Amino acid sequence: MAVAARQESTRQAILAAVTSPVADRLRTLRGPVAPRRHNARTIAALTANPGCDRRAVLDAAGVDKVLLAEQVGHPARFGQSPFAISRGVTFESGLKADGHRALLAAVRERLGLAEGPAAVLDLGRSEAAQLSNEERHERTRQALSRADVAVIDHPMLRVEVAGQPVYLEPDLVAARLDGQLRVVEIKSFPIIDGRADQAKVAAAAMQAAVYVLALRQLHRQLGRPAADVSADVLLVCPRDFGNQPAVAVLDTRRQVAVLSRQLARMTRIADLLDRLPEGLSFDLALDADGVSTRPAGELAGALAATSARYVPECRASCELALHCRTEARGSTGALGASVREALGGAADVATALALAEGRVKPGPHEQESARLLRHAARLRAEALA
Amino acid sequence: MSVLVALARAQAAASGFAQPVATVRHVRLHPRPLVFVPLALAGEAHAPLAALVGEDRDAPRLLLVAQPRDRSRRLAFAAELADIVLPYLDARRGDVEIIPVDRGREIRQRYLDAPQLVVPNPAGMEFVRLLGRWLRFRRVDGEHPAPPQVPRLGCWLTFLADRAELPGSSLLVALTEALGTHWATGQSVVEDAHLASLVAWIDPPEGRTGAGAAAATEDPSVCPPAGPATDPDFDRVVLAPLIADHSRAATDAARTAVERRLADVLRAQLEPTWQSVWQALDLLRALPEAASTSERWAHDRDAFSDYAAHLDAGGAPQPRHDSAVAAAARLHRLERAAAAFERQRAYDDPMVMAEHRLTGEAFAGLVTLAAPDRVDDSGRRPVLRPRIMVRSDDPIPPAVGATLGSPARRAQKARVVSVDGADILLELSGGMGRGLSAPEGSVPAVGERVVYTTVVDAFAPSATFPPVDQTPWTHGGPPAPPSEPAAGALAVGGQG
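So the sequences go chain by chain: V and S. At position 336 of the first sequence (counting the first as 1) the number is 336 in UniProt numbering, and the numbers step up by one without a gap. At position 345 of the second sequence (counting the first as 1) the number is 345 in UniProt numbering, and the numbers step up by one without a gap.
None of these hints come from the bench; they were simulated from the model. It should be emphasised that the depicted structure is a prediction, and the values quoted were computed from it without experimental measurement. Heads up, some of the hints might be wrong.
As the list claims (entries may be wrong) - With beta-carbon atoms standing in for the labels, derived distance ranges:
#1 Asp-302(S) to Ser-86(V): 41 to 49 Å
#2 Arg-410(S) to Gln-198(V): 50 to 58 Å
#3 Ala-216(S) to Lys-361(V): 53 to 61 Å
Claimed, not checked - Computed, partial: chain V to chain S, Cβ under 8 Å:
#4 Gly-79
#5 Ala-296
#6 Val-339
#7 Gly-358
#8 Val-360
#9 Leu-372
Don't be surprised by glycine CBs; every beta carbon is placed ideally from N, CA and C.
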């Protein structure tokens with residue numbers, strides 16, 4: 001009974017979200033296709049460059065940015081090597097073989113817990129995988145409320161992005177071995193002598209934070225304290241050069257806070273939409289073969305109607321980065337935030353150089369930086385003479 | 001980023017050509033460097049796939065691992081590499097010079113030469129570090145015996161990778177870093193990480209702009225990445241099918257045929273980077289060498305000589321972790337080297353000094369008055385203390401009482417006596433002999449253009465550290481005897 005009531009309330013919430021004026025507007029932006037599904041990686045990427053309106057709008061509308069970037073002539077280069085994929089699969093299946101034996105042993109040892117049996121529920125198994133997202137999410141809820149399930153593999157989680165419920169099928173394990181529910185994230189990059197690639201660790205921490213957030217929301221719905229979900233994430237990686245697991249504890253409190261802030265900002269997407277021209281659309285007008293028939297110039301024009309804030313770091317996370325970089329040519333931001341800052345915040349290269357060479361009169365707020373730039377230009381000329 | 005470098009980047013962006021940010025070369029270039037361009041298999045912790053290596057630009061050796069996941073084939077790669085690297089290192093151990101230590105009470109020897117390993121980028125350095133880490137603990141007996149030269153190669157590669165952390169060292173050079181400290185491009189540091197792109201900005205083909213030539217290097221199908229990571233599309237379309245063919249090959253002849261094809265495609269991936277590396281070396285070589293480079297190279301030769309002696313004496317490989325004492329000593333060394341390198345760069349290079357002038361840590365000007373034979377007899381003994389007046393247009397004057405140094409007279413110190421607008425009065429000491437009159441030229445004359453800076457060699461003796469068995473409790477106390485850390489006892493710190 002309670003389950004049915006909850007399902008109904010979920011349905012209502014979804015209905016409300018998809019019939020709101022904002023949802024209408026986002027649908028227009030996207031065109032008559034299903035929205036791109038978010039995953040932890042794309043949600044984590046929302047925290048990169050939060051000041052970019054273009055990205056906020058496109059992500060909220062669920063526009064297929066990969067296709068969009070291709071169509072405007074700047075395809076993204078985010079290929080993953082088949083070797084990396086198969087390595088990840090091998091490592092993970094080794095850990096999960098035989099009822100997750102190796103994984104549990106490593107996690108228990110890290111947490112200082114005694115060996116013992118643990119009930120493992122895998123929602124990614126073929127029969128469970130047939131279910132709809134909602135049903136699998138409901139199963140995850142049920143499993144979390146059961147005391148006898150210690151480990152849930154492939155849970156289906158949900159977070160709200162821009163007022164829309166987004167289902168996440170994380171490749172993760174939620175484990176409750178010592179009273180606290182913990183996110184266990186398996187990655188295939190190595191931890192060698194206790195050190196790992198910092199960029200990869202940071203990305204893993206941000207993704208794990210998405211799961212922590214989603215699990216906490218779920219816990220709240222179940223009437224449990226959110227703090228029961230630990231922000232200390234267990235990262236499981238190959239140790240040194242072999243296949244044995246190394247378990248590291250990542251404190252994701254900062255990432256969880258950043259994400260919550262960013263997701264809260266996305267719910268104010270309505271303000272951003274109000275600033276866009278009426279009828280703006282990124283409809284790719286796909287033909288029967290899934291090929292876009294919308295002219296590239298038209299799409300580039302539509303993109304130009306949204307304001308982007310390109311920084312070089314975009315290239316690591318955004319499919320449209322190369323398009324935005326082309327657009328941003330001549331801006332100081334395209335050279336990097338530190339360059340822009342060092343140039344006194346001048347927005348474009350031509351202005352900075354004109355100030356440095358004394359060809360324009362600085363504005364009232366530019367006096368100080370213009371003096372510095374002129375001095376710098378003089379010193380450079382002197383050193384090169 | 002300093003304002004000066006940012007301005008150079010803006011100028012490069014506007015002109016389409018890289019702009020110099022150094023007037024001299026601050027890295028030592030060996031007449032015969034050993035160039036190493038490695039590729040690794042994606043996804044693995046450390047699986048060498050191929051490498052071009054050699055001292056001769058026209059004859060690189062291609063090393064290849066047809067089955068990169070196969071440990072014995074990886075070891076064979078390491079053995080082949082050792083057969084190139086170790087003779088190269090040994091050939092640097094020729095003549096020695098005698099250095100007196102402890103005021104001549106003792107002497108030590110140092111080789112006149114040292115090795116230089118050149119890789120395309122910092123990721124190449126990391127490859128060297130990981131290869132060293134993987135190899136130096138290999139056993140030459142037991143279940144999976146490694147060829148005897150392999151652990152020795154591991155020790156040497158670890159030595160080189162460790163040494164590369166030291167600012168100003170030139171034993172292991174990553175070219176994107178070396179070029180980046182001498183030229184500014186009109187793109188961001190993200191794009192600068194690609195060696196071919198950086199080289200294109202600095203030295204584009206005839207008739208093209210740097211920006212245009214750099215843009216052409218961004219397509220991995222035209223210009224493969226400089227490694228060690230390969231292009232994922234290359235992996236999918238070319239490499240994976242060939243490796244699969246190799247696994248399926250039933251006969252030796254079939255295997256050899258696949259290996260030949262693998263060699264061809266991998267050489268094609270490596271060749272453009274090999275060319276970029278030598279082009280980058282040419283560009284750097286064309287710059288005049290900075291004065292202090294040979295002093296830093298002497299330290300590199302010291303380190304090389306010491307480590308060679310350590311290995312000759314059967315010394316143990318570097319530990320997996322530094323002890324607390326060793327870590328503190330290493331940090332101290334790195335900090336001192338960083339400060340010394342920064343100072344030497346400023347003294348050697350007016351362009352670097354200009355950065356200090358911009359921030360008020362240095363000024364330039366003309367000598368307007370000079371009292372070269374001024375003697376201060378207020379103390380017990382009269383001493384020579386010439387004074388000069390410098391008129392400077394630089395906006396930020398030095399603080400009264402500050403101690404300054406000058407690139408033109410490195411043994412001399414100047415103290416700021418007073419500042420009156422643009423007029424700065426300095427009192428000089430040192431670098432003038434022992435008499436009470438200054439030798440010709442040891443004191444700046446009226447009309448000479450001088451530069452003074454607060455960046456000085458503030459002599460501080462090396463810190464002393466306790467022996468390892470007396471590690472204080474604040475640093476965990478004396479470490480337990482070395483043992484393999486328990487599984488899972490590892491943590492990753494400092495994320496974000």
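Hint by hint, here is what the structure shows:
1. Between Asp-302(S) and Ser-86(V) the C-beta distance comes to about 47 Å, which sits within the given range of 41 to 49 Å.
2. In this structure, Arg-410(S) and Gln-198(V) break the distance hint of 50 to 58 Å, their C-beta atoms being roughly 39 Å apart.
3. The beta-carbon spacing between Ala-216(S) and Lys-361(V), approximately 39 Å, falls outside the hinted interval of 53 to 61 Å.
4. About 3 Å separates the beta-carbon of Gly-79(V) from the nearest beta-carbon of chain S, less than 8 Å, and the hint is met.
5. Look at Ala-296(V): its Cβ only gets to about 18 Å from chain S, farther than 8 Å, so that hint breaks.
6. This hint holds: Val-339(V) has a C-beta 5 Å from the nearest C-beta of chain S, less than the 8 Å allowed.
7. A least Cβ separation of about 13 Å between Gly-358(V) and chain S goes past the 8 Å threshold, and the interface hint is therefore violated.
8. A cut of 8 Å between beta carbons decides the hint on Val-360(V): the least distance to chain S is about 14 Å, and the hint is violated.
9. With a least beta-carbon distance of about 6 Å to chain S, the hint placing Leu-372(V) at the interface is held under the 8 Å criterion.
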